[in-house]
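J.: This is what each chain is made of:
Number of protein chains: 4
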Amino acid sequence: MITEKIILNEERNVTLTTYLQPVGEEFAHIKARPAIIVIPGGGYDFCSDREAEPIALAYLREGYQAFVLRYSVQQNKIWPTPLNDYDEAMALIRSRAEEWHIIPDKIAVIGFSAGGHLAASAATMSVNRPNAAILIYAVLDEASAKEWNETAPDTVSAVDEKTCPCFVAASRTDTMVPAANAIAFCDALYRNDISFESHIYSYAPHGFSLADNTVRQSGWKITERAKDWVRDSIGWLKEVFGDFGDSGMTEPMYGHYALLEHGDTLSVDASIGQIVSTEGGKAFFETMMAQAAGAAGAGVTGGGGDIDLKQSVLERFKMRDLLGFAGMSAETIAEIDAQLRNIPRK
Amino acid sequence: MITEKIILNEERNVTLTTYLQPVGEEFAHIKARPAIIVIPGGGYDFCSDREAEPIALAYLREGYQAFVLRYSVQQNKIWPTPLNDYDEAMALIRSRAEEWHIIPDKIAVIGFSAGGHLAASAATMSVNRPNAAILIYAVLDEASAKEWNETAPDTVSAVDEKTCPCFVAASRTDTMVPAANAIAFCDALYRNDISFESHIYSYAPHGFSLADNTVRQSGWKITERAKDWVRDSIGWLKEVFGDFGDSGMTEPMYGHYALLEHGDTLSVDASIGQIVSTEGGKAFFETMMAQAAGAAGAGVTGGGGDIDLKQSVLERFKMRDLLGFAGMSAETIAEIDAQLRNIPRK
Amino acid sequence: MITEKIILNEERNVTLTTYLQPVGEEFAHIKARPAIIVIPGGGYDFCSDREAEPIALAYLREGYQAFVLRYSVQQNKIWPTPLNDYDEAMALIRSRAEEWHIIPDKIAVIGFSAGGHLAASAATMSVNRPNAAILIYAVLDEASAKEWNETAPDTVSAVDEKTCPCFVAASRTDTMVPAANAIAFCDALYRNDISFESHIYSYAPHGFSLADNTVRQSGWKITERAKDWVRDSIGWLKEVFGDFGDSGMTEPMYGHYALLEHGDTLSVDASIGQIVSTEGGKAFFETMMAQAAGAAGAGVTGGGGDIDLKQSVLERFKMRDLLGFAGMSAETIAEIDAQLRNIPRK
Amino acid sequence: MITEKIILNEERNVTLTTYLQPVGEEFAHIKARPAIIVIPGGGYDFCSDREAEPIALAYLREGYQAFVLRYSVQQNKIWPTPLNDYDEAMALIRSRAEEWHIIPDKIAVIGFSAGGHLAASAATMSVNRPNAAILIYAVLDEASAKEWNETAPDTVSAVDEKTCPCFVAASRTDTMVPAANAIAFCDALYRNDISFESHIYSYAPHGFSLADNTVRQSGWKITERAKDWVRDSIGWLKEVFGDFGDSGMTEPMYGHYALLEHGDTLSVDASIGQIVSTEGGKAFFETMMAQAAGAAGAGVTGGGGDIDLKQSVLERFKMRDLLGFAGMSAETIAEIDAQLRNIPRK
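For the record, the sequence lines run as chains A, B, C and D.
In this text, residue positions in the first sequence follow the working numbering: the first is 1, and each later residue adds one.
In this text, residue positions in the second sequence follow the working numbering: the first is 1, and each later residue adds one.
In this text, residue positions in the third sequence follow the working numbering: the first is 1, and each later residue adds one.
In this text, residue positions in the fourth sequence follow the working numbering: the first is 1, and each later residue adds one.
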């Protein structure tokens, strides 16, 4: 492994530490690796070691290239200096992607507390947007941002349709950075149709990092589940980026957007509303619905078949879900998807 | 195991199915068991078998007494009839708690979809409130409630300080009952200081039940993590109710309220704001803070020591967290808690 | 769920308790279910409740039909009476398989301690052999068998090529039924080429059952991993029996035998020794080896390519493993398998 | 992290790569760390990268200091050269323990395949014995050893009472290094009363390493459980070495020996046989047995109370287990332990 501390700005003590694994040879099926940039917390006052290398190791062990970004704090925290630090780091990584065996469009950021604010800013306001963002007990809303850095912007209102998929974890009992931050950010992601996953754990203090004994002490009262964000964020990244396949990465499980088809054609991921709003789709749907209703007639949970669905439900209902309820197999649904992809969406 | 279907209302076909395990003898350490009432979904149109017995089995296996409530649907769904069904069931169970070896103040409800609406109504509006509520892809807000039962009330605005601790799980891509329901309900729980845990999974259709092959088919596109709500809700119940101990249940990990001390005296679970607002607490805190700042000076994540905390943060900061950051042991914190419990809160 | 206690022999107090789940309707993809017979321990002196219903519940929750067999103990334990009880129970279950929605050739036994001796006897000596056996801290060898029932036979020497696949779990520190029992039984399974999985946990007392708080007390010193046999035995059963598929069970992952191809034709599961011992196979192999060596030349772990394999290794080496080492994809290996299946083994 | 490749022997290309994490400061509760030496496989022909750094990362992430030993292979594999390489490496690490923040008596070795043979040799024949050994699909017995290195010794017959606790994992279907190796080694550990844990997985090819997609390809047919050895070996190390506590490591869960008390006094870990063989113990036991029998009378699984235990069982029965069966609490058992520790064993 090649570990190197690259100085991005000597004055402001901004550094990017690299943790790079080999590819090829005995890892013949791996030509290049996804990567993650770790952004530690510390209230824009320092960069916490407990949210730096131990985090990098967790993703390295999963085959990722990892980086730790130590950004501008204290008197240098005036916005947008920290965001510029991030943008410079991401630009550098993408420019050296080939040399470092990195897949340039599979680079995530993970940020904690104030570092989570910087990671969320990267996801919503940066020039060089990341491809996924993991936000752990992150400072996100206006009120919290100001408490740690008066010049720091609200990230909630900054969520836009270019915002990358996000994984948001927090503690219900965090009294430094309230769970309200996570709730508001998820609400913004929801309203912008961005894919996300969210876990708010019942009990943990702020700053639990990996929540295991390498970082905690007996004085910490914390739920067993708080440490699950590590395993779950890795599982989530494998869905968003794909996993290591026979040669290169496998297909991602889903895309940037959660509920609506944003492509040029219809698909099983389009809603019935989207489908019937096109001429070709409308004709297609009438056939489908008969089948689905028939099969779901058996009475699949949540209804589908039997229930006379309100128009509002029917319109946003995904074709894929309708077919799943109708008990159709993955193969059949794939066939239907292929047909829908021949119908232009607009 | 004693399984019996008790008819609560013949006309409306309301039934309570019991699944009761023995106590004593070889289970000598178990005098009585916590219990759970399973409330299946079905759009207030039917009660889904896929969200009934399989769910009861999951909690039975953990030592719980289980019940399945089949409530009023279709023409009988007019509110508050379904809620009355619940109230009658809970009253019956508590009245027979001794005979059925149940701990009357450790009875949870779990509801799915429309059944989740009924479970949330039980948690917020019923006469016989449950002691914990597990809400899975539940119908919760005004808009969704009306889509499935025009007479059904909004549960989000009904959340009050008597609402029990809640476990909320949903899918980001649910197109029948949008994740917005879970987000809004958690926000209401947050604003009312109610303990909760929340998991919104990245991808799953509505109605995934246990999300395993006993209920799903290949046509369902679903994240591996969607099934984790079962394991996690069990872990959460063990925190809220305690677990089976040497004789009776162990102490719960935390209480009804999440952030503020609601007891008559101070404790390490009180915020600094609450502590310094009392004379005795103010004096106590000044000593403490010196110690905490000193220890945390090493630079514990998220700050504490070094950082000059904004007054707003300091005021809501829990004493327990401050001590944990200061690297104090569980024993020391317990001693400090004992001292604080001698100081009246008001 | 239908639970019924069927009396097999009133005098000897032999009973079979049924736990039967429905099929069809909302479980449309399930036409029939695999089943498991739970055989509790108790030193052939009694049948322990702690190894009866709680175990049945663990498999019920996974979609299995479950049965608890209470067999002849105390003065009735004279061999082969207990084995006859098992044979009668299995015969009854298979005879009522259709009525009870059971797949007659996917019926496992699970036995604990002395019940594990009976389960192992069922697997090795019965008339109506089970299709899989799960043996938990089981009495298996001559010495232990005699300690609990002087008329009970050694099961280790009884292992034969008709013995079903077995899952064997034990504790290193069991002082009632030493881990030597598990070690010797696995050795016998190995020598008979029977598929098995084995877990010997570092520390646990005898009789830990599910090893969770529903059956244990604080006085029990036990490793966290001891409870994993439950989850792992379920995962293993899904490999041996297949899992619930779109309509009926999926294909098992592997067969009755572990190392050698016992079928009429060659396959990728045949050893190189088996392959080259046939004329067609010999020709086929010469082509293959060149390819494998070429690809593995990259230097796959454990060698393959680079290493000049001893003849003894090469002869028992599975074609499947050789191809895997050569970095071939699942698709390619499937094609090669199809070709080998055209070559008669003898 | 400090990574450095130390050359132990230039000619034979023997190197020790270090992966060292910091202690103190934000990791104030960690004064020094346990360590692990990774010994890759490769048939004594090469050292596999797939069993080197990825393995080191898995333990680094758990807070361990890690080392990769590349030892003498090919023409340099003549015994005892590889073992001397290990001895030199361990001597170097212990000599620099303070500088490298390592706990000198908490250093494990982990070896794979031929590297597992070297690790097992270290555990049984070296001058500088490790404190724990993890053996993954290891070459252990005479027959296998000779297949990979004609000068390599049998490790099974070398197991002695100085052998450290071992974690042994293998695949039932390994055709390069048969599971017979693991079975025989566990049998030897058992006969020498050494603590161990063992997992033989149902299906996996040789050389599966971490068994995840960072090292495997689709052509590999492998059980989901094969990857569990990583998590389980970490859990096991926390029992053998203790875990990170408030200041230094917590107490190990158990010791070097599994069944018998080897200390100077009696304890609850002594067998009844050991206890009654001493005068003080005999008197003590008579009181105890009455209590235990009484409580266990309820009929605890596996017997204890009711059952009239054979003398042979009673003699090897651990006092701790007897008390646990009698339903005694951890506190009571601790008191009894304290009393027994006042009675000399010989």
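Be aware that one or more of the hints could be misleading.
Identical copies carry no separate label here, and so any pair may be met within one copy or between two of them.
What the hints assert, rightly or not - Calculated cross-link-like contacts (lysine-lysine; reagent style DSS-like; alpha-carbon spacing at most 25 angstroms):
(1) 162 to 282
(2) 310 to 162
(3) 221 to 282
(4) 346 to 282
(5) 346 to 31
If you are wondering where the hints come from, they were derived from the structure by calculation, not from laboratory data.
J.: Broken hints, numbered, in rising order?
T.: 1, 2 and 5
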